[in-house]
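2 protein chains.
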Amino acid sequence: MLCCLLCWVNASLAAQDVLPSWNDGAARQHIVDFVKKVTTTGSSDFVPAEQRIAVFDNDGTLWAEQPIYFQFFFVIDQVKAQSPQHPEWKTTEPFKSALAGDLKGVAASGEKGIAQLMAATHAGMTTEQFARNVNAWMSTARHPETHRVFTEMVYQPMLELVHYLRDNGFKTYIVSGGGQDFMRAWATAVYGIPPEQIIGSQGELKFELRDGKPVLMKEAKVALIDDGPGKPVGIERFIGRKPIFAFGNSDGDQQMLEWTASGDGARFAGLVHHTDAAREWAYDRQSPVGKLDKALDEATAKGWTVVDMQKDWKAVFPAEQK
Amino acid sequence: MLCCLLCWVNASLAAQDVLPSWNDGAARQHIVDFVKKVTTTGSSDFVPAEQRIAVFDNDGTLWAEQPIYFQFFFVIDQVKAQSPQHPEWKTTEPFKSALAGDLKGVAASGEKGIAQLMAATHAGMTTEQFARNVNAWMSTARHPETHRVFTEMVYQPMLELVHYLRDNGFKTYIVSGGGQDFMRAWATAVYGIPPEQIIGSQGELKFELRDGKPVLMKEAKVALIDDGPGKPVGIERFIGRKPIFAFGNSDGDQQMLEWTASGDGARFAGLVHHTDAAREWAYDRQSPVGKLDKALDEATAKGWTVVDMQKDWKAVFPAEQK
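As you go down the protein sequences, you meet chains A and B in turn.
Take 134 as the starting number for the first sequence in the working numbering and just add one per residue.
Take 134 as the starting number for the second sequence in the working numbering and just add one per residue.
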């Protein structure tokens, strides 16, 4: 009797503990129902642990992405830090605009300009040096509007979701258009996701011996753009099986959600909809960053789970937790 | 007292159970000593479980590779199977030689010829169709000399090593010059290594919707040659941390071993030396397949562990187990 009572109390506590920053609502319920059915032995929807693959976009899904992708703040700060060694940058685009913090000027330089900025800040150094650069920047740089360090701009409800899935035997992956090496430098500590489960856009690497010591040099040549149709490619190449759970927030995630949803058996496809101008930002179909248009229509048509950030989340950032 | 006796008996049994197909000798001892020191809490060489990354070459390290890489038998058999739809192949190289089983003729067609054969057999189909082709072939094709199915030509002592490492908290990876999709089709069942831990040479993939259903098409364009200096590249890209344990058998593994050995703390670098003409094949510095020359010199110079297949292994293939 005491035992039963203890079980009941524990079960009740456990139910309360799950996803505490999520309001009761359809989105939270879809998640909990899905996890329950794929983890219940004997259920027709049961999925063995090794096949419980969950993939998450990063920018706009696990952390914020306004007014521009945070990796771009890193690019601009690295250009500024290197500028004393490059006096010609003061008069040469796209560096001139980057040094002035003129994002429109940078955008005007087009893909070629972006590639030049990436080459100057993400290539021509060893993987170890790059990781040191990212970590040094991440420990001091602050968001221009919230004045928080960027690792504090992750979404508390999504952190809880990632942990909840892991507690239920899921293997959690990041599958992001952002830079793989950029994310791996900090995301393991922040999300508890190991480097081998962080997939992103990536450049070519070159093995070299320097003073007899092997290094990997980062080259200014793209190996994979892990965005849009590149996401299922990254998933197949790195994971080699179809996820059963995927979460994104933009049209760049549409093919990842389609790929996930196309498998047999129970599947979960979710979108974070940025609806909260007071606590975060409100944007979707017209936004140059994190545009959510076609994927929102497909979510409606196919019954994917759409999280209304304003209604579904009690807190947005960890600092707001009660 | 009974408890102590049980502990002692269990420990003795466990020691006997470890690597039973390995003869007592320096190679076996190096392995056991290494595993013991990196897994003993409080040891100065202790390595936390999440950093216990072990990488294995496949061809010549986990399974045999003579007289040619087994994947090439698959290529030839696929060309034969497709030849009724390609009457022009009877008179066009490299297909003419492939259809005749004339390996020298195929080799004479050079890299361009090999690329044409790979394109005809490894591209222009979905990833799912390719996996079906590999599995169908693997269940029936037999080695021309041993007449065994190819999955029976794995090395029993290496199977035991992979399991021994896993039992000690290691995460075991294949890092092979062979085709990633080719290996993933069968290697999980044979080695117990999941697809996401099988890294190999790979082509580009393209996401497409076919009748509204998403597929990934295999393209005839190389994305990574995971051999030689490409192995550390594959390791960094897929795993994102340096292994502490690596096993290979040829010069194609040299940079993987260098990369592994270059890390701080305890490291293990091993080579399988094919010395057993009676039970397997004997070859090294002059062999066109699995050439072991520079890496053997480096192993000697640096004290890497070299397995003498004839002396160190009680059995080579699973069928020979006592």
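Treat the hints with caution; some may be incorrect.
Remember, identical chains collapse to one label, so a pair may be satisfied in a single copy or spanning two.
With a cut-off of at most 30 Å between alpha-carbon atoms, the simulated DSS-like pairs for lysine-lysine come out as follows [stated by the list, open to error]:
no. : residue 1 : residue 2
1   : Lys339    : Lys424
2   : Lys427    : Lys237
3   : Lys375    : Lys354
4   : Lys427    : Lys223
5   : Lys354    : Lys339
Just so you know, the hints here were simulated from the structure itself, not pulled from any lab data.
Quick rundown of the hints versus the structure:
no., hint, in the structure
1, Lys339 / Lys424, "between (34 Å within a copy, 23 Å between copies)"
2, Lys427 / Lys237, "within (25 Å within a copy, 54 Å between copies)"
3, Lys375 / Lys354, "both (28 Å within a copy, 23 Å between copies)"
4, Lys427 / Lys223, "neither (40 Å within a copy, 49 Å between copies)"
5, Lys354 / Lys339, "both (11 Å within a copy, 19 Å between copies)"
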